[in-house]
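Protein chains in written order, with the numbering used here: chain B, 375 to 522; chain C, 1095 to 1489.
For the record, the hints were derived by calculation from the structure and aren't laboratory data. A virtual CB, placed ideally from N, CA and C, is assigned to each residue, including glycine. Check the hints yourself; a few may be wrong.
No farther apart than 20 Å at their CA atoms in a straight line, the calculated lysine to any residue pairs in the SDA-like style are these [as the list claims (entries may be wrong)]: (1) C:K1280 with C:R1457; (2) B:K419 with C:F1341; (3) B:K419 with C:K1280.
Below, a sample of chain B positions facing chain C; criterion: calculated Cβ distance under 7 Å [claimed, not checked]: (4) T414; (5) Y423; (6) P427; (7) S447; (8) A451; (9) Y459; (10) N462; (11) P464; (12) F465; (13) T494; (14) V497.
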Amino acid sequence: MNAPTQQQDTTTPQPVLPGWFTLDVKQPQLLGTRCTACGTYYFPKLTTYCRNPDCDSESFEEVALSRTGTLWSYTSASYQPPEPYIANTPFQPFGIAAVELERERMTVLGQLATGTDLGTLKVGMPMELVLEPLDDGKLTWKWRVVGA
Amino acid sequence: MSTNREIAILGVGMHPWGKWGKNFVEYGVKAARDALADSGVNWRDVRFVSGAATIRNGYPGQVAGATFAQALGWQGAQVNTSYAACASGSQALAAARSKILSGECEVALVIGADTTPKGFLKPQPGDRPDDPDWVRFRLGITNPTYFALYARRRMEMYGDTLEDFARVKVKNAKHGFENPNARYRKLFSAEDVAASAMVADPLRLMDICATSDGAAALIVSSVDYARKIGKGNAPRVAAISTVTPSFASALVEMPDIATDSAVACEAHSFRAALPKKAYEEAGIGPEDISVAEVYDLSTALELDWIEDLQLCARGEGARLVREGATSVGGRLPVNPSGGLACFGEAVPAQALAQVCELTWQLRGQAGARQVAGARVGITANQGLFGHGSSVIVKC
Ligand SMILES: [Zn+2]
């Protein structure tokens, strides 16, 4: 329901995974679902059968996930990943973060915003979601230190 | 009660790990023949062949049991093939145990072998956003990413250092140096580890295991049969745990992009659940363990496993390594075989290789890497898609 419906022209960056996040450049959010019976969140979206072993719900609502969380851990991709990752030549290493979302009680991975210095990171730091292009120009979500 | 559920390990065999460029069947047959010779059992007396399948050779999940049975000479045994990623060997062993304990057969061959491709493991081609493996690679998240996230978390939560991780590598290299089945038989220093290329901060090339060709096989039987052929003292399989994770996942697991949400169910550690079930099944506790073979996909992951096996309190793993407790000669040796660090992962053979090592250790046949007075050993491993296992072997 929060997914953008406007016409996309060819110059607008396309999302790498359509429908996985809003295209609000200022306040982007990941799009998941939530079981209407037990409240469990799902990212990626689940719309079939709830995976909580004690819940037999088949009813889900789409929800935008919290766009801020705390840093659970972080690393780098120092070697070029294999396909389907698409890399510029020469390959530019990038960072990856795992961020805990408090309300959803889940941890979500994503690249770190371009230019993030791993040496400045500490577990527990507040992080926020941003949109940036991958090397092939497709938009993806990334994690950035709040206020960076 | 537990004694009735045990089976005997009559024989073990391996094909050395490496990159030999041969078909996996050749490796498997070598391992099986060695295990048969070690057991003294005639091939025709093996009435069940339980193979661990590889997904990378031919027909996924279909070929292992029958292929090895044919290569050894079809003699009308029943066959089975198990696929459970890194736990495939343990599931094949569990299938053999069920046959034996139900009285359907007395002796079984359990076998796994693999030929692995070079480089990164990568997903099938095509545009497949419904496949979590495709999604994470599309975003640049490789296998070392997960190991590195866990490693960094240890550093921040428990104060582990890069030197601690290097100590694991140095220790395992020393163990594997004495193992004729290991692929890498070379001593390394902490400086060597620090000088190797960064792969996924804080892990360097020498912190992360490679993939290898290899094969491992076991001849297992009922305890009665073992006694009948004069092998009543053979090491016993006391537990095989192959439980699934419990919702919700506490850790983001390969190949997922996120953990489960723990809003409605509390978060559970899968790694910790695997040995817990094994201890319960065997009716023993971590204090009884004299040696462990764990899945050191990375150096730091060995420390996680030591804690998941409850061999020390959470966060104390690095201290054990610093004290030398986990070295052969220490009070609780871990990976006396050299572990994945010296073998490289040969997926369908690896869980069985762990059991081979424990068998040699419990028989006192491990040579220079022998753990003095080893009485009870435990294995642990975890692979893709909720597969994992833990096996307890005892004298
Ligand atoms: Zn539910």
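Here's how the hints hold up against the structure:
Distance restraint check for C:K1280 and C:R1457: the Cα-Cα separation of roughly 26 Å exceeds the 20 Å cut-off, and the hinted pair is therefore not satisfied. This hinted pair checks out: B:K419 and C:F1341 have alpha carbons roughly 17 Å apart, not beyond 20 Å. For the suggested pair B:K419 and C:K1280, the alpha carbons sit about 48 Å apart, so the restraint of at most 20 Å is broken. With a least beta-carbon distance of about 5 Å to chain C, the hint placing B:T414 at the interface is held under the 7 Å criterion.
Below 7 Å, beta-carbon pairs count as interface contacts, and B:Y423 has none with chain C, the closest being about 12 Å; its hint is therefore violated. The criterion of a C-beta within 7 Å of any C-beta in chain C is met by B:P427, whose closest approach is roughly 6 Å, and the hint holds. The criterion of a C-beta within 7 Å of any C-beta in chain C is met by B:S447, whose closest approach is roughly 4 Å, and the hint holds. Hint on B:A451 holds. Least Cβ distance to chain C is approximately 5 Å, under the 7 Å limit.
For B:Y459, the shortest C-beta to C-beta distance to chain C is roughly 5 Å, which falls under 7 Å, so the interface hint holds. At a threshold of 7 Å, the smallest CB-CB gap from B:N462 to chain C is about 12 Å, leaving the interface hint violated. Against a cut-off of 7 Å between C-beta atoms, the interface hint on B:P464 is violated, since the closest Cβ of chain C lies about 15 Å away. Because the closest C-beta pair between B:F465 and chain C is about 10 Å apart, greater than 7 Å, the hint is violated.
Interface restraint check: B:T494 against chain C, minimum CB-CB distance 13 Å, threshold 7 Å, status violated. Because the smallest distance between the Cβ of B:V497 and any Cβ of chain C comes to about 4 Å, under 7 Å, the interface hint for this residue holds.
The structure fails to meet hints 1, 3, 5, 10, 11, 12, 13 from the earlier list, while all remaining hints are met.
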